Amino acid sequence: MKNQEVAALLYEIADLMEIKGEIAFKVIAYRRAAQTVETMSKDVEAVWQEGKLEDLQGVGKGIAETIAGFLEKGKSKHLDELKKGFPPGLVDMLELEGIGPKKVKLFYEKLKIKSIKDLEKACKSGKLRNVPGLGEKTEQNILQSIEHAKKRGGRMLLGYAVPIAEQIVAEMKKSGHAERVNVAGSIRRGKETIGDIDILVTSEKPDKAIEFFTKMKDVADVIAKGPTKASVHLHSGLQVDLRVLTDKEYGSALMYFTGSKEHNVEMRRIAIAKRMKLSEYGLLKSDKFVAGHTEEEVYKQLGMQFVPPEIREMRGEIEAAQHGKLPKLIELRDIRGDLQMHTKWSDGSNTVEEMAQAASQLGYQYICITDHAGNMKIANAMGQKEIERQRAEIDKINKHSDIHILQGAEIDIRADGRLDVSNDVLKKLDIVLASLHSALKKDNTSRILAAMDNPNVDIIAHPSGRLIDRRETVALDMPKIIDKAKETCTILEIDAQPNRLDLNDVSVRAAVDAGCLIAIDTDAHAPDQLGFMKLGVLTARRGWTKKEDVINTRPLDKMLKCLK
DNA sequence: GCCGTTTTCGGCCCGACTGTTTTCAGTCG
Numbered sequence: 001m002k003n004q005e006v007a008a009l010l011y012e013i014a015d016l017m018e019i020k021g022e023i024a025f026k027v028i029a030y031r032r033a034a035q036t037v038e039t040m041s042k043d044v045e046a047v048w049q050e051g052k053l054e055d056l057q058g059v060g061k062g063i064a065e066t067i068a069g070f071l072e073k074g075k076s077k078h079l080d081e082l083k084k085g086f087p088p089g090l091v092d093m094l095e096l097e098g099i100g101p102k103k104v105k106l107f108y109e110k111l112k113i114k115s116i117k118d119l120e121k122a123c124k125s126g127k128l129r130n131v132p133g134l135g136e137k138t139e140q141n142i143l144q145s146i147e148h149a150k151k152r153g154g155r156m157l158l159g160y161a162v163p164i165a166e167q168i169v170a171e172m173k174k175s176g177h178a179e180r181v182n183v184a185g186s187i188r189r190g191k192e193t194i195g196d197i198d199i200l201v202t203s204e205k206p207d208k209a210i211e212f213f214t215k216m217k218d219v220a221d222v223i224a225k226g227p228t229k230a231s232v233h234l235h236s237g238l239q240v241d242l243r244v245l246t247d248k249e250y251g252s253a254l255m256y257f258t259g260s261k262e263h264n265v266e267m268r269r270i271a272i273a274k275r276m277k278l279s280e281y282g283l284l285k286s287d288k289f290v291a292g293h294t295e296e297e298v299y300k301q302l303g304m305q306f307v308p309p310e311i312r313e314m315r316g317e318i319e320a321a322q323h324g325k326l327p328k329l330i331e332l333r334d335i336r337g338d339l340q341m342h343t344k345w346s347d348g349s350n351t352v353e354e355m356a357q358a359a360s361q362l363g364y365q366y367i368c369i370t371d372h373a374g375n376m377k378i379a380n381a382m383g384q385k386e387i388e389r390q391r392a393e394i395d396k397i398n399k400h401s402d403i404h405i406l407q408g409a410e411i412d413i414r415a416d417g418r419l420d421v422s423n424d425v426l427k428k429l430d431i432v433l434a435s436l437h438s439a440l441k442k443d444n445t446s447r448i449l450a451a452m453d454n455p456n457v458d459i460i461a462h463p464s465g466r467l468i469d470r471r472e473t474v475a476l477d478m479p480k481i482i483d484k485a486k487e488t489c490t491i492l493e494i495d496a497q498p499n500r501l502d503l504n505d506v507s508v509r510a511a512v513d514a515g516c517l518i519a520i521d522t523d524a525h526a527p528d529q530l531g532f533m534k535l536g537v538l539t540a541r542r543g544w545t546k547k548e549d550v551i552n553t554r555p556l557d558k559m560l561k562c563l564k
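Here the first sequence is numbered in this note's numbering, starting from 1 and rising by one per residue.
Just so you know, the hints here were simulated from the structure itself, not pulled from any lab data.
These numbers were taken from a predicted model, which means no experiment stands behind them.
Hints should not be assumed to be uniformly reliable.
DSS-like cross-link-like pairs, simulated, lysine-lysine; straight-line CA separation at most 27 Å [what the hints assert, rightly or not]:
#  : residue 1 : residue 2
1  : K225      : K124
2  : K173      : K117
3  : K114      : K205
4  : K77       : K42
5  : K73       : K83
6  : K300      : K288
7  : K137      : K124
8  : K127      : K26
9  : K52       : K77
10 : K288      : K328
11 : K546      : K325
12 : K225      : K248
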């Protein structure tokens, strides 16, 4: 699949056109097309071969030609033309807070600044202040942006941001200056990584709320502070935005602040088509307030179903909501068990009994202990004798446990596609998870296909093998894997570890659409990691997953019937 | 450059905040 490459090409063209001073709508057009290609499940190359590029949303004659040229020749004439006369470091400057295309252009033309490094030097030597429109304050702000960029080094994992956001919500509630307090933004949408934290509050005393917010103990510096809105950096480098509103406009503001931006833009467009106006202050018809107290009422007034935050990504949710065809998404409370976790028998930090007790407190009916088995010494994998001893232990605990414990194992798929444990041993386990851990460059797709053909393999664990902050998705033919999963009745997993979330949202959706069954597991290596389940459910929801698509929403007997 | 329940031409989301300006451009979300 070359979708990501094509999207990157279109984004880069957009960035360069913007710096060049191209009219805004052209730039927007390229970004929209890039987004379509980036998030669609079909292979862009296949669409091109069918001659149907122009059927894609936001792709017309011009952009279709650009894409076709790129797919044909492996490089883009259009992009090469644009790059002429532009040093490669220019677009990097767009990553800095407070720097947009106009400033980049200005820096380059007036001061020959070609990179972030040049820019830093120019600020330190006070050269920027000589340019009309720029001043001393601008220099300081840019230096600070560069510092933050160095510190932050990209986006933060959802699983790490959620506790921080919850902490801030708790503080704001305790402050006495805010009545309703919510996390909005990409955290509310459950995106796997987040750029900043958005907090929304209603308050009778906005100035007090803002004051309290900008003086919280974790705040390192204040970026912006007005009567209704403020932004700060925490000591960790993370940016937090606060917006203060009245109760009346709470719903429309929550919508606005939740995003995605693209979803909001489309919603506003729909409002205009209906001769109304949508902003964070409500839905207005000739300046008369129509809706805004709740999100539900805004969607209703625009003739749509309520769209859950997790799917507000411009992936077809608007059309579905207009036709009343949104699925009822899975919820955390639907989960009845967790089918992947580790104990001291391999690389976990607690006993079977301790994990069972923790799971029991979450209200689960069953769990599956899936310690590593085979030859993976690095994960302290169990041998055949240990598997038998573990079985005896589990049987013993099950006699007095209020939660049913299954014995499973996580088995490595070797470089040649064979499993690391013999079928005689696998047969005796309740559930077998197979997954890639090593030799990730070697023909990953056929290794997974081979594993699925094994009648003992029930679940493919963390199928793509990615680690969000360290390792890219291994090269996989996901459509092939999904087809095979359907054919062999193999379950695909969403591993809910913060740095995995694997399958990701897009792949989950493709799998569910194809009729595959999903398991959402935490892969917990300690009791508190069982709480990652909510991240897995968020990812499933982002993939339009329903309760019935997920095997561990079923009671024990029905769940077992889903296995091979 | 794209697109059509207002349109095949003329629009394309909208408001807050900052820094530099004396009325606004640039940036952000």
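Violated constraints from the hint list, given by number and in increasing order: Checked against the structure, the hints that fail are numbers 2, 3, 8, 10, while the rest are satisfied.
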